[in-house]
Each structure stands twice: as structure tokens, then as C-alpha cells.
Amino acid sequence: GAGVSQSPSNKVTEKGKDVELRCDPISGHTALYWYRQSLGQGLEFLIYFQGNSAPDKSGLPSDRFSAERTGGSVSTLTIQRTQQEDSAVYLCASSQTGKQSYGYTFGSGTRLTVV
Amino acid sequence: GQSLEQPSEVTAVEGAIVQMNCTYQTSGFYGLSWYQQHDGGAPTFLSYNALDGLEETGRFSSFLSRSDSYGYLLLQELQMKDSASYFCAVRAAPAQGGKLIFGQGTELSVKP
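Residue numbers (our numbering), protein chains in the order written: chain A, 1 to 115; chain B, 1001 to 1112.
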């Protein structure tokens, strides 16, 4: 597509429930990233997919967080047993491999509120 | 690891010039990037510096000094629409996946 698409744009969930966040990257972009942004804060790295390589999961805050990328395209970030501290905007980005000077293209994010 | 420092907020007047600084600590250096984010919006890529010096794109310029582990973003002829948060980011080493590590951002407020 023309840009990075994320859904849903907003999600309110009860503490303890599981949630799934979806990211559809730009066609042809082999790299896909998930970041988390709390109110007024910077972007916290969560996980990175590059082609068929094993994902870099070094930023996932706990084992309640997981992500997958199917067919080298769409990615889903799953948070199990949500906690109030999980409330944040979850941002997905994609980029062309080797094109560092082009930067990342971010989606508009999913605003997650855990009540 | 990597860490970045940015002033939390800057205020400037419409039509003026503003400089937003970024200092970083990295194990190896693989480029400094700048992103703009309006309230409630997606971060958008502004510039990338791999080598020392100034890169200019219209009203925006970005500077890098690798020996000082320092960079800045310069905005000229400020407009009200430039009010946003500005993030610098460094790239992690290839062995760490080359992902971007972001600073906490500088919130720029442009006043009439």
C-alpha cells in the first residue's frame, strides 16, 4: 500500500484480557519494526523483523508480549494478560533494506488503553 | 548500548531560527537521524547524517560531529506548523540488528 497501515487505531481493553495489534507495512519493505510510546515520551523499541531472519526480540518488556510476521508482510503484536502499564501508543514502521538514508515510515499507531 | 540526550522543550517565535541539540553515546556509530512528530500523529523522517557536516533540505538542516558525538537540527523561518516534537535517533550496530534507538524528544513550541 501507499503507507503503513495499523489497526485498530484505538483499543480499550480490560486488565487481564489479551489484545492483538495489526500492522500492514509498505509493499516491498523487508524490514518491519514495532515501537511503544508512552504519553510525552520517546519511542521504545520492541521488536524487529528483517526478511526471513530470526526477529530481534530484545526490546520486548516481558513474555506477555509476542509478535509474528506472516509471509514477510503483515505483522501482529500480541499482548497477553494486559496490565495498566501496557497503556501506550504502539507504533509500527517499515523500511527498505540497506536504504538507511530513506528512514523509517511509521504508521499512525494503535492507542491502547487498559482499564 | 546506546543513549541519547535532548532538551525536553524549546520555545521560539514565528520567523526565527531554532537549533535543537542531540548528544549520543554509542558503541560504534552508524548514522544519526531526525524525526518530526505532531501531536497524535506518526513520526515522519526528516534527515539522516552518516558523515560530519551539514545536510540541508529546504528550511531544515541537520549537522553532525562524530568526534563530539553531537548533532543538531536547525529550523529556519519558523512557522506555526513546525510546533511538534523532534526526535534524534542513532542506529544500533549491525550485530544488534541495526534498529533505531530514539531520544526522548524535544517539544518545540512556535509562538506568534
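A portion of the hints provided could be inaccurate.
Pairwise CB distance ranges, derived in the manner of DEER restraints [stated by the list, open to error]: (1) L1074/B to S62/A: 16 to 26 Å; (2) G1041/B to R22/A: 18 to 28 Å; (3) K17/A to E1014/B: 29 to 39 Å; (4) E1014/B to R22/A: 16 to 26 Å; (5) Q41/A to G1001/B: 11 to 21 Å; (6) E14/A to T1011/B: 39 to 49 Å.
In silico negatives: residues of chain A with every beta carbon more than 10 Å from chain B [to be verified]: (7) V12; (8) K15; (9) G16; (10) E20; (11) I26; (12) T30; (13) Q41; (14) L43; (15) P61; (16) Q83; (17) G103; (18) T105; (19) S108.
Not close to chain B: a few residues of chain A, all C-beta gaps over 12 Å, as computed [to be verified]: (20) P8; (21) E14; (22) R22; (23) E68.
Worth flagging that the hints you see were computed from the coordinates, not collected in a lab. The beta-carbon is built from N, C-alpha and C at its ideal position, and this holds for glycine as well.
Item to complete: Of all the hints given earlier, name the ones this structure violates by number, lowest first.
Response: 1, 3, 4, 13, 14, 17, 18 and 19
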